[in-house]
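Protein chains: 2
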Amino acid sequence: MLEFTGILQSESEVPLYEQLYCSLSAAIQNGELKQNAKMPGKRTLAEQLGISVNTVDTAYQLLVAEGYLESRPRSGFYVMQVEQPIQTVPQSAVAAPEPSVQWKFDLGTGGIDPSLFPFRVWGRIQKELLYSRPQLLLQGKGQGDVELRSVLADHLCQYRGVTCRPDQIVIGAGIEYLLGLLLPILGSRLAIEDPGYPKVNRLVKNAGMTALPVPVDEKGISVQLLAKTDANAVYVTPSHQFPTGVTMPVGRRSALLSWAHEKEERFIIEDDYDSEFRFDLRPLPSLQGMDRGEKVVYIGTFSKSLAPSIRIACMVLPKPLIQPWKERYGSYASTVSRFEQQTLCEFIRQKHFSRHLSRMRNRYRKRMQQFKAALQNCFGKKVSISGEHTGLHLLLRFENVNEQQLVDAAINNGLRVSGLSQYSCVAHTKGACILVGYGCLAENQIMPAANALQQAWKGLV
Amino acid sequence: MLEFTGILQSESEVPLYEQLYCSLSAAIQNGELKQNAKMPGKRTLAEQLGISVNTVDTAYQLLVAEGYLESRPRSGFYVMQVEQPIQTVPQSAVAAPEPSVQWKFDLGTGGIDPSLFPFRVWGRIQKELLYSRPQLLLQGKGQGDVELRSVLADHLCQYRGVTCRPDQIVIGAGIEYLLGLLLPILGSRLAIEDPGYPKVNRLVKNAGMTALPVPVDEKGISVQLLAKTDANAVYVTPSHQFPTGVTMPVGRRSALLSWAHEKEERFIIEDDYDSEFRFDLRPLPSLQGMDRGEKVVYIGTFSKSLAPSIRIACMVLPKPLIQPWKERYGSYASTVSRFEQQTLCEFIRQKHFSRHLSRMRNRYRKRMQQFKAALQNCFGKKVSISGEHTGLHLLLRFENVNEQQLVDAAINNGLRVSGLSQYSCVAHTKGACILVGYGCLAENQIMPAANALQQAWKGLV
Chain A
194 MLEFTGILQS
204 ESEVPLYEQL
214 YCSLSAAIQN
224 GELKQNAKMP
234 GKRTLAEQLG
244 ISVNTVDTAY
254 QLLVAEGYLE
264 SRPRSGFYVM
274 QVEQPIQTVP
284 QSAVAAPEPS
294 VQWKFDLGTG
304 GIDPSLFPFR
314 VWGRIQKELL
324 YSRPQLLLQG
334 KGQGDVELRS
344 VLADHLCQYR
354 GVTCRPDQIV
364 IGAGIEYLLG
374 LLLPILGSRL
384 AIEDPGYPKV
394 NRLVKNAGMT
404 ALPVPVDEKG
414 ISVQLLAKTD
424 ANAVYVTPSH
434 QFPTGVTMPV
444 GRRSALLSWA
454 HEKEERFIIE
464 DDYDSEFRFD
474 LRPLPSLQGM
484 DRGEKVVYIG
494 TFSKSLAPSI
504 RIACMVLPKP
514 LIQPWKERYG
524 SYASTVSRFE
534 QQTLCEFIRQ
544 KHFSRHLSRM
554 RNRYRKRMQQ
564 FKAALQNCFG
574 KKVSISGEHT
584 GLHLLLRFEN
594 VNEQQLVDAA
604 INNGLRVSGL
614 SQYSCVAHTK
624 GACILVGYGC
634 LAENQIMPAA
644 NALQQAWKGL
654 V
Chain B
194 MLEFTGILQS
204 ESEVPLYEQL
214 YCSLSAAIQN
224 GELKQNAKMP
234 GKRTLAEQLG
244 ISVNTVDTAY
254 QLLVAEGYLE
264 SRPRSGFYVM
274 QVEQPIQTVP
284 QSAVAAPEPS
294 VQWKFDLGTG
304 GIDPSLFPFR
314 VWGRIQKELL
324 YSRPQLLLQG
334 KGQGDVELRS
344 VLADHLCQYR
354 GVTCRPDQIV
364 IGAGIEYLLG
374 LLLPILGSRL
384 AIEDPGYPKV
394 NRLVKNAGMT
404 ALPVPVDEKG
414 ISVQLLAKTD
424 ANAVYVTPSH
434 QFPTGVTMPV
444 GRRSALLSWA
454 HEKEERFIIE
464 DDYDSEFRFD
474 LRPLPSLQGM
484 DRGEKVVYIG
494 TFSKSLAPSI
504 RIACMVLPKP
514 LIQPWKERYG
524 SYASTVSRFE
534 QQTLCEFIRQ
544 KHFSRHLSRM
554 RNRYRKRMQQ
564 FKAALQNCFG
574 KKVSISGEHT
584 GLHLLLRFEN
594 VNEQQLVDAA
604 INNGLRVSGL
614 SQYSCVAHTK
624 GACILVGYGC
634 LAENQIMPAA
644 NALQQAWKGL
654 V
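Chains A and B, in that order, are what the protein sequence lines are.
Under the working numbering, residues 194 to 654 are what the first sequence spells out, in order.
Under the working numbering, residues 194 to 654 are what the second sequence spells out, in order.
Isolated chain A (complex conformation):
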């Protein structure tokens, strides 16, 4: 019989019955206690271990409840059959180190400046809601809280010319999440911009669909070339094409809408990212607003206007897609915490958001102008700069330099930059075009970053 002494530690915080339970279940699992073996009587074991009979009884009852032991009337406790699953080497719960890169100058295109975040107001609203509305702990609507959707319908109408009712709006934890749900109801062939967002390509692939790249020219995606594909739907960024920064003019928009209206199953996904950051003039209203609710799925995010880590995006469904959406996803719970939804709702309703946007626009405009000046100072006529009208990144074109070599040299100098080719299906061959974001570039980093890029470039020419 098994030796039971020494398995209990009286100083441990774990209750004695639990220590006993753990030892015995382990002994049964690893075969030390064999099937049909009779367990020692409760009194005997209690005496042997110097613990109370009650403690042993609790452990035995637990082992019975969980199928390790069976209690045979007027006989005692017996070990039951436990099949041995195939065992592997136990893992440690210690964190494996995850790689992380430290950039000297983060010129990524998704960065923002955390110091512009409205900590005080956001924190106040958050706190007020937590203490005043405990019912926000209960489950809300799957599409998002009605209050937020109503406020967003007004906001999108006023700022982006979007025409919708709150019941067309779906709130979700990021654009990827919303697109992941949307794509399967749009047919099997999605046209995408080339160059464009690599993430969209990945989403299309994961949805088991085919991505059809369509070239972007100086007015955005080519509708002529789009019409030559057999796409059911198209994903576009008309306010600020990623990565080229082109804004689609109204004529091209009309042509795109006409393409969609030619067939019932055709739809347009309008990703309105970065439309908040138009520095020169008022942004062109959304494509969705030109269409009035039949063909355009409008998506927007608060990743840049608030923070990338606050996961709130919204989607406006056109009328023909509301029913298919409800059929598939009507029972899904929302992916955004209600306190966060309501904080954003109050933030917009109390006009803090519009003030925040205009403050950010001014700060980023100034930073862009300084960065542009610094780059012109470093490179003179060797660089051609574009993308200064909208969004938080610039495109720099250099002649007589290999793009990949320039990107590699910049990365070696601690600069996080990317080349236009990274976003393209067809590599362009003449010169280099690199993307430099300034969202999280501090004022005192502007000159050093431009200088570091100049150094990288000088090594190649």
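Honestly, the hints are just simulated from the structure, not real lab data.
Errors might be hidden in some of the hints.
Claimed, not checked - If we take Cβ atoms under 7 angstroms as the criterion, some of the chain B residues that face chain A in the derived model are:
1) Glu259
2) Arg326
3) Arg395
4) Gly444
5) Val619
From a predicted model like this one, the values you see are computed outputs, not experimental measurements.
C-beta: ideal position from N, C-alpha, C; glycine also.
Based on these hints, arrange chain B on the given structure of chain A.
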């Protein structure tokens, strides 16, 4: 020529150039200004409207930038071609009313008691993080913040016997979200529990997979019947089978693991929901812990232990699925806001969560006992009650009553209840079995709710 006077309002908050831009773009869109029409000169229009030339120039430049006008050198501004998209009746931005049911007694199975939420501690941690760690505004790891994953690995090990490294953990905004991503990498045929969660059926359907219902007996899902299907994977709730409340004993668990180990492509999804609320004895450790990381995907949620509206769930991937997951979803952003992740992380790390859990367990146990006593008081031997060991709902069985009629009568009496058949593929015919949750049942509602149910039942016998 168009009459331009009267289109500007000097008292408006909208800048004059924007008002002019809006009127002109609308006139071009609706055809009042025809293609190729020459626009009035800037000076002429400025005089006519009593505004500055600069204002007119800004509006014209904007219209040019957006493709409404073109500027012909030494000639002036001309209206460009704008195709007319098919227009529909504009919608109002007013909220359409959404239906909402008011229950007299909410006995749903997903409810919790908001008054138990640790408002003070949660609010304090949230506030401290917001002010002290602005870098949490920046994008975090797609799988979730490393700190939270490390704390969860420890917590799951201690409380649920889960053996994993932090890099096996994925944090996501709810179980539906995580399952929605997981299912496509598990093959095409998923066995599900019958009776079971209807939501899983919907997820399987949305993933384009086949759901294979396998009967549940008094030990959980039948492994014998599972082995007769050609399922690649199986979804189970071994801690607290939904809806029957059965806990899977260790023998059945071993058999299930053996089934999975028979073929390389087989996996088990262990949904560990409600395992926090075991009232009699220590919960049986997770299936994942018996297997040590090869075959079981463990999923858990904080919907009930914190609140349904706080959207944090976690998933532990077995080693063979880590690479497939990274390939598909490695570029996806997290769906949980980082401040919320870190609040939970600190809440667990500072031991508030374990205290909160034991407080909740005591409160809910007491409530369950009171509710059970009230029901026994009302129904005597006419009811057979089960499900009192785990979770926040009871199963009530009545003989000689039609289940659907009882559910309908209860709903008419203002009780939110459901019948077991609602969760089953095969309707059971003998008597009625209804589910009554007590998570959000206030103490003073316990007797009235039992009485209301008795009234509904009396009308049928």
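Handout entry: Hint check, glutamate 259 of chain B versus chain A [nearest Cβ-Cβ separation less than 7 angstroms]
Key = holds (5 angstroms)
Fill in: Agreement of hint arginine 326 of chain B with chain A interface, Cβ distance less than 7 angstroms
violated (10 angstroms)
Would the stated hint for arginine 395 of chain B survive a check requiring a Cβ distance to chain A of less than 7 angstroms? holds (6 angstroms)
Return the status of the interface hint for valine 619 of chain B: holds when the least beta-carbon distance to chain A is below 7 angstroms, violated otherwise. violated (22 angstroms)
_Quick check on the hint: glycine 444 of chain B CB to chain A CB, less than 7 angstroms?_
Because about 5 angstroms separates glycine 444 of chain B from the closest Cβ in chain A, which is inside the 7 angstroms limit, the hint holds.
In the structure shown, a violation is registered for the earlier hints numbered 2, 5, in ascending order.
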